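Note that the protein sequences, when read in sequence, are chains Z and C.
Whatever position you read off the first sequence (first residue = 1), add 1112 for the working numbering.
Whatever position you read off the second sequence (first residue = 1), add 1112 for the working numbering.
These aren't lab readings, by the way, just hints derived from the structure by calculation.
There could be a bad hint or two in this list.
Chain Z is nowhere near these chain C residues, computed Cβ spacing over 12 Å in every case [to be verified]:
1) 1208
2) 1290
3) 1402
From the structure, some residues in chain Z lie toward chain C, with a derived Cβ separation under 10 Å [what the hints assert, rightly or not]:
4) 1181
5) 1276
6) 1289
Predicted model only: the values in this text are computed from it and were never measured.
Using N, Cα and C, we set each Cβ at its ideal position, and we do this for glycine too.
Number of protein chains: 2
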Amino acid sequence: MKQLTLVDIEALAVGAWILGTGGGGSPYHALLNLRRLYAEGERVSLMDPDDLRDDDLVAVVSVMGAPLVILERTVDSRLIARAVTAMEEHLMRKFKAVMAVEIGGGNGMQSLLAAAHLKIPVVDADAMGRAYPEAQMTSFAVGDLAPFPLTSIDPRGNEVVIGRVASWKWMERVSRKVCTEFGSIAATCKAPRTGAEVKKWGIPRTTTKAIKLGHAVTQARQRHADPIEAILEAESGVRLFSGKVTEVERRTTEGFLRGRTVIDGLGNDRGGRIEIDFQNEWVVVWRDGRPVVSTPDLICVLDTESGEAIGTETIRYGQRTTLIALPASEVFLSPRGLEHVGPRAFGYDIDFKSVFRS
Amino acid sequence: MKQLTLVDIEALAVGAWILGTGGGGSPYHALLNLRRLYAEGERVSLMDPDDLRDDDLVAVVSVMGAPLVILERTVDSRLIARAVTAMEEHLMRKFKAVMAVEIGGGNGMQSLLAAAHLKIPVVDADAMGRAYPEAQMTSFAVGDLAPFPLTSIDPRGNEVVIGRVASWKWMERVSRKVCTEFGSIAATCKAPRTGAEVKKWGIPRTTTKAIKLGHAVTQARQRHADPIEAILEAESGVRLFSGKVTEVERRTTEGFLRGRTVIDGLGNDRGGRIEIDFQNEWVVVWRDGRPVVSTPDLICVLDTESGEAIGTETIRYGQRTTLIALPASEVFLSPRGLEHVGPRAFGYDIDFKSVFRS
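Next up, chain Z with everything else stripped away, as it sits in the complex (with noise of 0.2 Å):
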């Protein structure tokens, strides 16, 4: 157990940001209201998952919903600490420790306000190693753990708890129902996990890679180096492209943000043109018509001066932004993880080529 400090939350915010691949929010507010919780002397604990208990029982937390309504509606910190325990009061359990669906945005720290709020740690782990748009692209879905049940809350007071669903696929179309009604915003408990499901599925130290990944932009910055080379390094990735954003469609739709982008090269890249499309997060990224990376590869687009990451949100025209792609965590990359995270779950009728292994 490591009391985490302010300037690991910091780099959290950082990284978590760059592992979204564009989705999971913008950590922005979570780190505004992370800020006050610790100068209001509220600390957070995180727990190595091996730490856990066979038996314990483990929370997993998002904020559900569109990222461009996250964004502008601004939620109390509050709100993910009350999923948690409306879930308890519906298990009649306590839970010993909350985590993170998904590493990725403001996901990445939500698990941290409801840890402030709650006096329980973080556990050290997601089921996404990076942020995805629906219920069933986790590595518990992959692992066939029981999708049920959720909580989902509003800020109006409204809270629903989805007790049974037939399927992964069947909680993603009645929590995200729910959700849109809402607003396209929710704060939500998933199904809860057990110690043993999480060190078994879980996908383990995903906080703490962040927070690394944050430390090394940051130190980057200041020694006046690339810090998207220090991104590369930290996570062996590839840079793929540079170049300005000349277009971006938008639509929340359905509880998503949905849309593309285009961005003409830059330098080295003058003369080419790519375009993404998302769904939250980026999804496939195409050159004259053809992909050139797609999910479960971590698809991320930095400000190409900062190395700070650009969401689906707040992408917008004229930015300088460098392309670069990470990999992603072994359980995707499975026929069966493909199934719940490769282009084909996306709708898109092309096969996963990962960068990293051409």
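Starting from the structure of chain Z, add chain C where the hints point.
Then chain C, alone, in the frame of chain Z:
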């Protein structure tokens, strides 16, 4: 406490369908299920609301959704009982009895199915005295009783508990989206009511009323009298129009069955034409662009010969129909009642003018 006979139940199917004002779902499948349960030896007892103790807990049930879907997608009668036991699990309390949220249509009989499976009595009361499409269109909502919790169940094994909502309208919004995602049909157990609440805000003895109405119709048929005249006598109704159905427009949208029908006059009404708008139930009848009769007056479209009710999902070209109106329950005639169920509650910019108080 009175045990209902199969003859009572056959009469209830006829009477509830008339009181359904076009909605509540065809009672046919519920009747078949009850015949089967009675053949297997099950019996249902009817309990007068005055026999409830103040702190008894009553389950309030209905099949929610679009009547056209309810007609096509037959549901195991145990599903409505499961909605009740899911609520018992949520509350950690047992129900003393079950009651219909609406006496109209199939929903006037779903409470009997739940009661037969759970072996508890049915309370002789409902919260509408007819059928209405939305959650806040009940005497309980007019009485400002708590709108939550609600359980919503589908045959695939999906089960949702709406634990809290900000208002009755929010209960309608959230539960409707869940129902729509289930395929526009869901078995629901609404907010539980205490005996005291049922006695104060329930509409009493509507099961008995529907059974008597059904008996009046079948007896008139047996003595070759006019069944419609028998209905008007039994319920102090008025005959408004007779004719042939010449147009039906119907669409299943947002969990409702919406549309309009046109009836061209025959006999004394030859040359006349009325149009009826519906949202699950008949809402407003128009003649020459002016409202003739509107909710909360009960608008009933009957087969001219048999007196059998015609539903918004079963009305079709060529049917010979007679339009009658029956008086509404007193609770809906107050300004507050009309806010919940008057024409403006359905989006019509017209004042309610009862055909019984002109």
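Taking the hints in turn, this is what the structure says about them:
{"no.": "1", "hint": "1208", "result": "holds (23 Å)"}
{"no.": "2", "hint": "1290", "result": "violated (6 Å)"}
{"no.": "3", "hint": "1402", "result": "holds (36 Å)"}
{"no.": "4", "hint": "1181", "result": "violated (16 Å)"}
{"no.": "5", "hint": "1276", "result": "holds (4 Å)"}
{"no.": "6", "hint": "1289", "result": "holds (4 Å)"}
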